[in-house]
Each structure stands twice: as C-alpha cells, then as structure tokens.
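Got chain C; can you put chain P on it based on the hints?
The listed protein sequences derive, respectively, from chains C and P.
If you read the first sequence in the UniProt record's numbering, its first letter stands for residue 1, the second for the next number, and so on.
If you read the second sequence in the UniProt record's numbering, its first letter stands for residue 1, the second for the next number, and so on.
If you're looking for bench data, these hints aren't it; they were derived computationally from the structure.
We put the beta carbon where it would ideally sit given N, CA and C, even for glycine.
Take every hint as true, because none was put in to throw you off.
Distance windows between CB atoms, simulated:
| hint | chain 1 | residue 1 | chain 2 | residue 2 | range |
| --- | --- | --- | --- | --- | --- |
| 1 | P | Gln95 | C | Ser409 | 22 to 32 Å |
| 2 | C | Asp407 | P | Ser149 | 39 to 49 Å |
| 3 | P | Lys173 | C | Thr777 | 25 to 35 Å |
Not close to chain C: a few residues of chain P, all C-beta gaps over 10 Å, as computed:
| hint | residue |
| --- | --- |
| 4 | Ile92 |
| 5 | Leu125 |
| 6 | Leu150 |
| 7 | Ala164 |
| 8 | Arg176 |
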Amino acid sequence: MTERKKKPTQKRPATKKKASGSRSQTSHSDKQRKKAQVTHERVRLVPNWFRWFVKLSLVGLVCMLVFFVYLDANLRKDLDAVQWELPAQVYARPLEIYPGKSLTLGSLVEELKALGYRFQPHRRTGYAQTSSNSVTIFARKFRFEDELRERARVTVEFQNERVFRLLVDGQERDIFRLEPLLVGSLFPSHHEDRQLVKIDEVPQALKQALIATEDREFYDHHGVSPKSIVRAMLANFQAGSVVQGGSTLTQQLIKNLYLTRERTYTRKIMEASMSLLVDFRYSKEKILETYLNEVYLGQDGPRALHGVMAASYFYFGVPIRELKLHQIALMVAVVKGPAYYNPKRFPERALTRRNLVLELMVKEGYIKPKVADWSKRQPIDVVKHPTRSANRFPAYLSLVHRQLKQDYSPEELSEEGLRIFTTLDPHVQWTLEKSAVASVERLARKHKSEGEHYQLATVVTSVDNGEVVAMIGDRKVGFSGFNRALDAKRPIGSLAKPAVYLSALQRPEQYTLASVVKDQAFMIKTEDGQEWAPRNFDKKSHGDVLMYQAFAKSYNQATARLGLEVGLSEVVSTFRKFGFDQHVPMLPAIMLGSLSLSPYDVTRMYQVLAAEGFKTPLKVIRSVTDAEGALLESYPLDIEQVFDQKAVYLTDYAMQIAAREGTGRWLNSVIRQDQVVYGKTGTSNQQRDSWFAGVKGDYLAVTWLGRDDNAPTQLTGSSGALRIWGEFMAQLPNEPETRLVPEGVGFVWVDERTGLLTGEHCPSARLIPFIEGSEPTDSVSCAGKTQKGLLDRLMDW
Amino acid sequence: MNRILFLAISALYLAGCTTTHKAPVVGGGQQEPVYQPQLDDKFEQANDTTKGVTIKPQKERGEIAGNSNRNKRHDTRIGVVGLLASAETYGIKKQWAKAQRTLERAQRIDPKEPKIYYELAITHLNQNQPRQAEQLCRKGLSLAHGNASLQKQLWTAMAKALEAQGKTQKAQKALRRAHKIQA
Numbered sequence: 001m002t003e004r005k006k007k008p009t010q011k012r013p014a015t016k017k018k019a020s021g022s023r024s025q026t027s028h029s030d031k032q033r034k035k036a037q038v039t040h041e042r043v044r045l046v047p048n049w050f051r052w053f054v055k056l057s058l059v060g061l062v063c064m065l066v067f068f069v070y071l072d073a074n075l076r077k078d079l080d081a082v083q084w085e086l087p088a089q090v091y092a093r094p095l096e097i098y099p100g101k102s103l104t105l106g107s108l109v110e111e112l113k114a115l116g117y118r119f120q121p122h123r124r125t126g127y128a129q130t131s132s133n134s135v136t137i138f139a140r141k142f143r144f145e146d147e148l149r150e151r152a153r154v155t156v157e158f159q160n161e162r163v164f165r166l167l168v169d170g171q172e173r174d175i176f177r178l179e180p181l182l183v184g185s186l187f188p189s190h191h192e193d194r195q196l197v198k199i200d201e202v203p204q205a206l207k208q209a210l211i212a213t214e215d216r217e218f219y220d221h222h223g224v225s226p227k228s229i230v231r232a233m234l235a236n237f238q239a240g241s242v243v244q245g246g247s248t249l250t251q252q253l254i255k256n257l258y259l260t261r262e263r264t265y266t267r268k269i270m271e272a273s274m275s276l277l278v279d280f281r282y283s284k285e286k287i288l289e290t291y292l293n294e295v296y297l298g299q300d301g302p303r304a305l306h307g308v309m310a311a312s313y314f315y316f317g318v319p320i321r322e323l324k325l326h327q328i329a330l331m332v333a334v335v336k337g338p339a340y341y342n343p344k345r346f347p348e349r350a351l352t353r354r355n356l357v358l359e360l361m362v363k364e365g366y367i368k369p370k371v372a373d374w375s376k377r378q379p380i381d382v383v384k385h386p387t388r389s390a391n392r393f394p395a396y397l398s399l400v401h402r403q404l405k406q407d408y409s410p411e412e413l414s415e416e417g418l419r420i421f422t423t424l425d426p427h428v429q430w431t432l433e434k435s436a437v438a439s440v441e442r443l444a445r446k447h448k449s450e451g452e453h454y455q456l457a458t459v460v461t462s463v464d465n466g467e468v469v470a471m472i473g474d475r476k477v478g479f480s481g482f483n484r485a486l487d488a489k490r491p492i493g494s495l496a497k498p499a500v501y502l503s504a505l506q507r508p509e510q511y512t513l514a515s516v517v518k519d520q521a522f523m524i525k526t527e528d529g530q531e532w533a534p535r536n537f538d539k540k541s542h543g544d545v546l547m548y549q550a551f552a553k554s555y556n557q558a559t560a561r562l563g564l565e566v567g568l569s570e571v572v573s574t575f576r577k578f579g580f581d582q583h584v585p586m587l588p589a590i591m592l593g594s595l596s597l598s599p600y601d602v603t604r605m606y607q608v609l610a611a612e613g614f615k616t617p618l619k620v621i622r623s624v625t626d627a628e629g630a631l632l633e634s635y636p637l638d639i640e641q642v643f644d645q646k647a648v649y650l651t652d653y654a655m656q657i658a659a660r661e662g663t664g665r666w667l668n669s670v671i672r673q674d675q676v677v678y679g680k681t682g683t684s685n686q687q688r689d690s691w692f693a694g695v696k697g698d699y700l701a702v703t704w705l706g707r708d709d710n711a712p713t714q715l716t717g718s719s720g721a722l723r724i725w726g727e728f729m730a731q732l733p734n735e736p737e738t739r740l741v742p743e744g745v746g747f748v749w750v751d752e753r754t755g756l757l758t759g760e761h762c763p764s765a766r767l768i769p770f771i772e773g774s775e776p777t778d779s780v781s782c783a784g785k786t787q788k789g790l791l792d793r794l795m796d797w
Numbered sequence: 001m002n003r004i005l006f007l008a009i010s011a012l013y014l015a016g017c018t019t020t021h022k023a024p025v026v027g028g029g030q031q032e033p034v035y036q037p038q039l040d041d042k043f044e045q046a047n048d049t050t051k052g053v054t055i056k057p058q059k060e061r062g063e064i065a066g067n068s069n070r071n072k073r074h075d076t077r078i079g080v081v082g083l084l085a086s087a088e089t090y091g092i093k094k095q096w097a098k099a100q101r102t103l104e105r106a107q108r109i110d111p112k113e114p115k116i117y118y119e120l121a122i123t124h125l126n127q128n129q130p131r132q133a134e135q136l137c138r139k140g141l142s143l144a145h146g147n148a149s150l151q152k153q154l155w156t157a158m159a160k161a162l163e164a165q166g167k168t169q170k171a172q173k174a175l176r177r178a179h180k181i182q183a
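The following block holds chain C by itself, in its conformation from the complex (with noise of 0.2 Å):
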C-alpha cells in the first residue's frame, strides 16, 4: 500500500521542467524574438479552432487528473481500510464428547444435522456416516477461543445411552470438543450479514464459474472491457431493449461499493474510471475477494446475505469450501439477480439459470461436458430451512445481547465481526422448546377459558458454575418479543420458604429437619400497623407436625411461624445472601412469597441452593475473541460461599422430599426413582401464578407459568409449572447421583409422628440427615412409648 501514497506526486518534475523552461527564456532575448517571429508565423499557418481545441484539450486532461486524484483518495479512504461491517457471531457452547458421557447417538446426530454436516458415504470434511451403535465424523478445522483445532476424524463409539469410545483419526482419546453453533448473529442497523473468507479458501471452481458467467476477460481487462461494452451494446440493440450488460466484475463491484443504482451517464463515467483505477492499483485476487465478500446474493426475513460465506450457509447450509461443483453454479447463477433467481422461491428458474452457468464453464475450457452433464442432473439441492438462521433463540439472545451490552458499545457489537462464545446448550433448548410447549397446551386444552392467555417462562442452568443453558421468556419460542424470563417479575409464593427454613436450619442446636413446629392460625399487628394472618392452601391447620413435614406440604401457617421464630431480620438477611439487589422489605408475608421476582432472579435463589451454598453469578458468556481469534475477554468461574453447607444439604433434603413425597409427587410418574431430584412449587395469591424450581441431576430450572393480564390461572404450582418442569426435565440425561453427603452430617430413624429416635423397624420410622451432634436424644418405641435420653435419664437419676 506505501508505494501507492507516491503515485499523485508524479506530475510534479513536469511542473518544475516548465518553470525552468520559462526562467531559460528571459536570458536569451535575442533568441527568444526570433522564436516568437517563427511561432507568429506558425500560428497563423494553424487554424484558430485547433488552438481552442488544444486549450480545452489541456484544461480537459488538467480536469481528469483532479477527477482521478480525488477518486483515487476516496478508493484510498474506502478500498484500503475496508472494513466490512461484519456482525458479531454467536456461538452455542462446543459439544465435548468423552467416554462415559451421558449422549445417546440420536442427540449427537441432531447436533451434527445442525452443524451442517450431512450424513453421505464420503470421506471428506463435513460428512459424517452413522451405524447401529457408532458415528463417524469427518469434523472441520475451527478456532476455539483457546485453540486451533484441526480437521479430525472422529469415530464416536455408544453403549447403553453414554459414549463408550472415542477415536479420533484412529487414536483412541479421552475428550474431543466439536465446534459450537452460531446461533445468531448481532447485525449492524442495515442488517447484512456477512462473513469473509480469503481468496485461498475459495474453491477454484467458483471463481472459474463466476469469471466464466459474469466476466469472461476478467485476467485479461483493465478493469474496463471496451470488447464486452460492444458485445452488449450489439446485443442490446439486437433485441430493442437492454438484455445484456458490459460490465466488468471490477465495475459491478465498484456499483456495489460507492454507487448508486441509477442508471447515468455520469455515474457510468464515475463506474468506469473507478474500475481503472481499481485494476491499476490491485492485485486481480484482490478484486475478487473483495467481489465475493461484497456480492449481494439474498434476503432472510430482514437479514440481506452477502459474500458467498454467508450465501453457502444459507442456501446449502455448509461452508463453501464443501460445496459441490452445481451448488456453485447455482450461487453464481443467483449473482444475476437474487430475488429473480432465488432457488427457494424459484426452482425452476435457478435451475435453468445453474446448468447455463455449467455450460459457460465448459464454454472456457473449466470443466469437461460429461462433469457438467452429471451436474446438470443433480437436483436443486438447497437446504429448506438454513443452519444458521438468523437469531433461532430469541430470548437467551436478548439475554446475550444484554450482558454484552455492559461491556461493548453498540458499534463493536455490530461491525466488528466479534466471535462469542457463550454457555447455550442447543440439546438442551431444543429439548425445553418442544417439551415446554406440548405442556402448556396440554394445560391450556384441559382449562378452556384461561388456557389460551397461559404464558410461560424457564431459565435452565448448570448447577455447579451457573451457567445459563436454556431459556424461553414466551409461549412462542421463536417470538422476540417481551421476554418473560427475565422482565416478568411475579410474586413467587412457596418458592421464597427455602429461605425460612435454610435460615433455621443454620442453628442445629436449635433445629432440625425433625423439629415439631406449630402450624396454627395466629394474627400479628405488622410494623406499618397492618394485621397479618396467614392461611394455608386448604383453610385447615394441621397442628403439630415435623420441619420436613411442614416443607414437603407447604404449609403457610407453620412456616410462618418458624420464619418468626427465628427472626424476621434473619430471614431477611438469608434472601440478602441470596444475592438479591433489590431491596427486600421487613415484611413477615416475604417468609410466604409476597416478594415479585423474575425466573432469572429465582434462578439465582435456587443457583446457591443447587451448588453447596456457593453463589454464583449466571452466565451466559464464556469468551469473546476478535474476528481473528485473539482472545478480547473471557468470564472466568466466580464462587463465593455464603452458606453452610451443611445446612444447605439438610434444605435440599427437605426439598428433595417435597418433590418425591410431597406437593412434587407427581413426578414420580415421569421422573425415575434413582435420579435425585428436588425442588418446590410456589403458588401466589389466587393462583396468578404457578411456580416450580428444581434440580436433576447437573440442570437446575426454574419455570413459571401465569397470565399476561396477571388474571387467575386455576392453577397451583403442582397442577401447572410443575408438568412443564418434570416433562421437560424426565428428557434430559439420567445421571448417576452426583450429590455427596457432606462430611458433619449423618443419617439417623426417627420416628415421623414426634421427631423422636426410633427403631429402623418400627412403622413410622423415617431415616432422616441431621448435622452432627443435632441428632434428637429422646427416643420413641415403635408403639409410641417416649424414652428420655440416656442424659436426661442421669440427670433424672
């Protein structure tokens, strides 16, 4: 580019030669009469028009070097520093494939439909071959945030729903990662979309068809061809109308770049002049990279395609350099007029249109006739809905979009091509999508009037580092719009008791899971002088029962006083803990739900809860790296314990029988008996709401399922989100337990009527988690007879 700064200085001696010229007149001045007699004597022999006309000659050309020079400065400013605005990408999360791992062959064939790979006997990058219990992958090259990883052969061997080995180019291996899946990309204001690709990683053949087609003299011109203007012109006037056009794929591309579409003289002088200079200053490979990165080649819904990445992936849903030589022809054939050729539209048309391009290519010697007749037979070929369409995940998008919003400006996120990486799980998503969806209208069916208002919200992450795998925000997964996961703040009911009873919980010498406590009516005068008296979901009160009791059945009157007794402020303190911002009231009706949280926020809640009462912030974004790969940013784990793990254990153990026993039971008809789960259901005042938040296995969701116009759903918490969550979760993999009893904490049979110790075999014997040293002391018969403590009994002694 430096030697190209010199090119306008050029004229500059010429200049100089004049001055001297005229400096060497003045000192000869005999000399110079003569001249001038023999000059006066030649002007008159020279008509005065030639003068005139040599006059404007000189100005003309003196007027063409400034056109030039400014040209050649705005082609500086644009051409040089191009820089395609090119939208950011996002990535799902790789897909890490290692013995033992949970993956049935069908979900690892989704994901490689999804990739674009397409499943034909060829060895060759991009394909991949299935058989009764094995899939093969012929994976591309790509460039992780951390790596480079190299195309691979990767044979993945299944047994009983888990990886059992894994090979790649025939070495047996412990891990390998596929490449993740854009799921969206973040467009600048125009909406094109575009990826670049370098000459070298163009398929010779789509140059040669384009040449071929568009501009056969293209190595040959100067960036003008007078021999194609002529062809056209004749053709043209031929046929009484414009059918044919003269221009250069240096032209086109100079239309494309600075011009504007009118039909002109003077923008057809600008065109030509430009492309002059263009072919004098660049590289013909050049020329054409830049040709096939601008091209204009489609529309999707609002997002225009350009350069023949992006047009590879939308039409034949793989990257070009895996195209087959009539899917070349047919993106060259589309060059001419996207909408008119448009091989989804118009089949036909394109069709007519692509074996013409492959005759052009026999025409110049680029192909045999027999390959072009073989390809002349392949069908059309386009995929009906592209891999990579625009934005597929709408809601965990816009959370995306959010987050990365607190770091970049609007412009970096849009031009600059940037690549990120975030925590999405599309197995996941999509197992949430179809699920969530045929649960609520199942739902919406069975209650007729209210049904067809139902809106649902599920945020899904992965227990131990909070990262966010699925989410939808609307009944309509692909609907963009208000996204109820995180903007639709709801009282959330039952869900908010973890926090009374974790707050208890946390003072072993005081209770335990096998605490009696009172659930009977009772009235308070709160501090703003209003009276509160909590009821529960059935108007009855149920006397005395245990602590676990009194969570599995969610009751309101027990729990509120359990949440008194220990101390409003503590409870408070336990939600701060949480890691809520927002300001939480003294209000005792907290301890019962009365607080409005968004999914996400609960999600957040139930985050400390699933992790050993580690919180973490969610995560959506793991990296982003510049267009290039250089990583910009990553988001490292971040963990702060701000719970006893203990007693953290001992709230989940109550949740895990809520679920299994309790207002959670009906999963047991979906979810199988050697998975753990837990979890609880929240219900808000007159049914608005319906909650339910949970573990299995490594996903935590949290689903909540009311109406827009926050009107009654004649729905609980079990009748309603509890479905959407179980069906949902009954899909993901079964793992083996994964959750491990802390060390201080042990299991001891007490009897379920008193919370006494009991024998194992008594009836109502119960093996319940105590913290260490918590254990009752008193023990009950399997009749119910009470026996002190072995040191209440010296002491009585």
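Quick look at chain P alone, frame taken from chain C:
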C-alpha cells in the same frame, strides 16, 4: 444392679438407633423405572398440595430414592484426566491464564471433582487472586469428603490464600487443620 443393667440396655438401644451404616440400599437403578408421562386425572387430585395427605413412611425404601450411594466417593469423569494434564503443562510453563481456562473447561465436564477446584485455586494464587483462590478451596473442601490427601492440600492452599489477603489468624488456623490431617 438394676440401674446398671438398665443403663447398659439403654446404651445398646440408642447405639442401635443412631447407626447410620445400615441404611438399606434404595432404588439404585435396579427396578424398571417408571417415567412415562401420565396425565390422567388421578394426578390432578394427587397434585393438590395441601389437602392433608399424610406422607407415608418409606418403609420399603428406608429413605427417599436416589441416596443409595451417599458414602461413595465421586468418580472422576474420564474426559477430565487429559485436561488436568494439559493444565499442569501450562502450569509448568507458568501460563496461568491458559491453565485456568483449561481447568474451567474440566470443571464444566465434571463439576463435582474436588481436584479441579484445588488446581484452579492454585492458578488463582499464582495470578495474585487470593480471594477467588480461597473460595475455590472452600468449594473443593465441600466435595473432598473422604479424600484426606486432597483435603490436606486444600487446607494448605487455603492458608496461603488467607495469608495473601492479610487474614493471618485464619490462615494459621487453616494451616493447623492441614497439619492435623493424616494423609
């Protein structure tokens, strides 16, 4: 005499009651699982949260499902082994940020593996981030039940992290805990 006999009998009885080792093995994937969605009306009745349904004793199971292997140690997921090795290589080259990212990748695969938290704590210590190192040690300890040598390492690393934050007394306490562990 009677009193002595009474005391002896009660002691035996209580010892029997508080045994935690005899918990019957439950579920454990032995029976054919029932996990077909059933959306009959009977569940509509059963779902109602507060109709005073008593929780039946789980006699045949002793405890709720899925807790059968509660004293078992966590088995490291295979994929993690190689990642731990490459993190170690980065560590030797003092490329702590790379080591950290590799370990975080391992943590995503096997979040219950305490060794990963220990190694992560070390990378944070080396990057002068003692607060996060301390928390990672705590997380590691919450999962390292029954692994004495790792617990010792975790307490030692925790002492360093606390020391680096100027919490000298707590650091000494952590170090004493580390020394107490016979590994």
